[in-house]
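The task is simple: from the sequences and hints, build the whole structure.
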Amino acid sequence: VSARSWRTDAAGLGLGVALVILLLGVESGSSTQTVMLTLLIYVGLAQSWNLIGGFGGQVSLGHSVFVGVGGYVTAMLLIKSGLPVAAVLPLSGAACALVAVLSAPLLLRLHGVYLAIGTLALALAVQAWMLTWDYTGASKGLNIPFERLPSPDAVYRLALAFAVLATLAAWWLSRSRFGLRLKALREDEGAACGLGVDATRVKVTAYALSACLTGLVGTVIALNQISIVPETQFGIQWTIEMVVMAMIGGAGTIWGPPLGAFAVYYLIEYQLQDDPTLAAVLTGILVVAVVRFAPGGLVTLLGRLFHRVRNARGARQASFSSVK
Amino acid sequence: MSPDTLINGALLGGLYTIIALGLSLAFGVMRMVNLAHGALVVGGAYLSYLATQHLGLDPLVSLVLVCPAMFAVGYALQRSLLSGLLLRGSDAVLVATFGLMLLAQSVYTLAFTGNPRSLEASYASSGADVLGVHVRVVDLLATGLAVALVVMVELTLRQTRFGTAVRAAAMDPVTSASVGIDVRHVYAITFGVAAAAAGVAGVVLGTSLSFTPTSGLEYLTIGFTVVVLGGLGSVTGTLIAGVVIGMTQAAGGSAFGPEYQNLTVYLVFLALIAVRPQGLFGRVAA
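In order, the protein sequence lines correspond to chains A and B.
Letter 239 of the first sequence, counting from 1, is numbered 239 in the working numbering, and no numbers are missing.
Position in the second sequence (first residue = 1) + 1000 = the working numbering.
Simulated from the structure, these hints should not be mistaken for lab results.
Each residue gets a CB set at the ideal place from its N, CA and C atoms; glycine is no exception.
Check the hints yourself; a few may be wrong.
Label pairs and their computed distance ranges (CB to CB) [what the hints assert, rightly or not]:
no.: 1; chain 1: B; residue 1: Gly1257; chain 2: A; residue 2: Gln225; range: 25 to 31 Å
no.: 2; chain 1: A; residue 1: Ser176; chain 2: B; residue 2: Val1174; range: 35 to 41 Å
no.: 3; chain 1: B; residue 1: Thr1236; chain 2: A; residue 2: Leu106; range: 24 to 30 Å
no.: 4; chain 1: B; residue 1: His1134; chain 2: A; residue 2: Leu278; range: 43 to 49 Å
Chain B stretches covered by chain A per the calculated footprint, using a threshold of three residues with CB under 8 Å from any CB of chain A [what the hints assert, rightly or not]:
no.: 5; segment: 1139-1148
no.: 6; segment: 1259-1268
Set out below in structure tokens:
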């Protein structure tokens, strides 16, 4: 580990801890808490998608399945069993990882475009299925019993915890050997396999991790909604938000997805909540502009600006000292 | 299941073929996957809606305005945005067209609200008897249009000088450029034609069914199923696959209930990519 990445890690850790303390301090029951809860849900989703879509380069358009499965498993367990929430959550996450592992033989051998369309078709198929499956209430969905719900404060802290967990997972991928293998597969799968990377194992592991975290955020969404229906809980809209936020912020980076979630949700959607259509227009323009002019996302753009300012100052100081 | 169901399903395949044609062209020639294709289809439908409302045109007559307009949009998009992104690999195009899809959806909502619309025509709801089977006239028209478009594209690709240039650019853009083919122009024309075909699909869609700003996603998926079944880049395969998918959807709907129609298509798609990702008919053209 080089000196520079130590310094970046320390700065990132400091920023992260400061943000968490700030977010923990939000007054309970306030409107700020509601806004921050939504923001944290989006950070968690975008970051979870980033693990396989950004670091792994496997553009999945089917992650709404995991939001749905996480939420539905939680709701079903809270309705049908006496298990406490603390036991229900890990089970929901595990169910999503299981779905990922089971669908991996079909999906992960696909590349690029096929993967995107294949995952999209799976998501649409699962949603169509859930709309008709009587066991889970078909199109009428499920209502989580009031007495089984955790407090709004607890839901908020869960959202914060999962956003942090997903970001830690992103940090692990950007620093670990496993992450290096995953990124190598993204850059050149043939060459990576030639160097001994077990493509299937690495991709399935990252996919399951991403699915599990997406599902955990899905449980927070369900606990916050209380009554859930396939139309929204399994909605493609979740996938769209994840991909858009991760891409705008910078896919394959640690701070890109949180920054993207902040930009898209807080700066655009929340500020323009009276005019959601205009917000959607601006978001669409932003996506196209970022892909066209700043392929690394906003975080890369900011990083480049920062370095340019610092280099300019360094150059000025250097010229000063040479004059002296 | 009655033969009526299957025949009507097969005729629905006309619409699916036209939707898939543009996708197939863009993929066959440029290896490009256009996630905004469904949005282009809906865009064509809205353009025709404007023409029918304000100029009093028949939807089919409005094609003389819709097609050139869609061609211009496609050509401009390819020249200004997509050509440059193609050089960076398929993921950049994937994300850019995804963004375009979102942008188009929200612009449609802004301009036309989210309410379902449809195009009015005398033949939209009238029926006809063909060999004792009751079918919708509009489905017959769609199938006729689909066959005509497929034949036209296939003939252009195989018999004309420009078609040869397109096939050369599809096979090897670098070598084609070195023998004097303007590859960027060929690409932009191809995308323009794909967008114009999407416009035709939009007019047919609007006349036979209704559409909303977000309808595009559903038809994108059906279009892709057709393209994959027909073999990526194969124009004639698209026609056969469109008919097969239309029949499958109708059969699924009649066997399990209407809410399972689309589920049947998605499952066919997933089964297909599991078994034969290159499609049933391989690569025929382009």
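Hint check results:
Evaluation of the 25 to 31 Å hint for glycine 1257 of chain B and glutamine 225 of chain A yields a pass: the beta carbon distance comes to about 28 Å. At about 39 Å, the beta-carbon gap between serine 176 of chain A and valine 1174 of chain B stays in the expected band of 35 to 41 Å. Separation of threonine 1236 of chain B from leucine 106 of chain A is about 28 Å and conforms to the stated range, judged on CB atoms against 24 to 30 Å. A hinted range of 43 to 49 Å holds for the C-beta pair histidine 1134 of chain B and leucine 278 of chain A, which are about 46 Å apart.
Counting residues of the segment 1139-1148 of chain B whose CB lies closer than 8 Å to any CB of chain A gives 0, which falls below the minimum of 3, so the coverage claim is violated. For a cut-off of 8 Å, the count of residues in the segment 1259-1268 of chain B with a CB near a CB of chain A stands at 6, and the three-residue condition holds.
Checked against the numbered hints above, the structure violates only hint 5.
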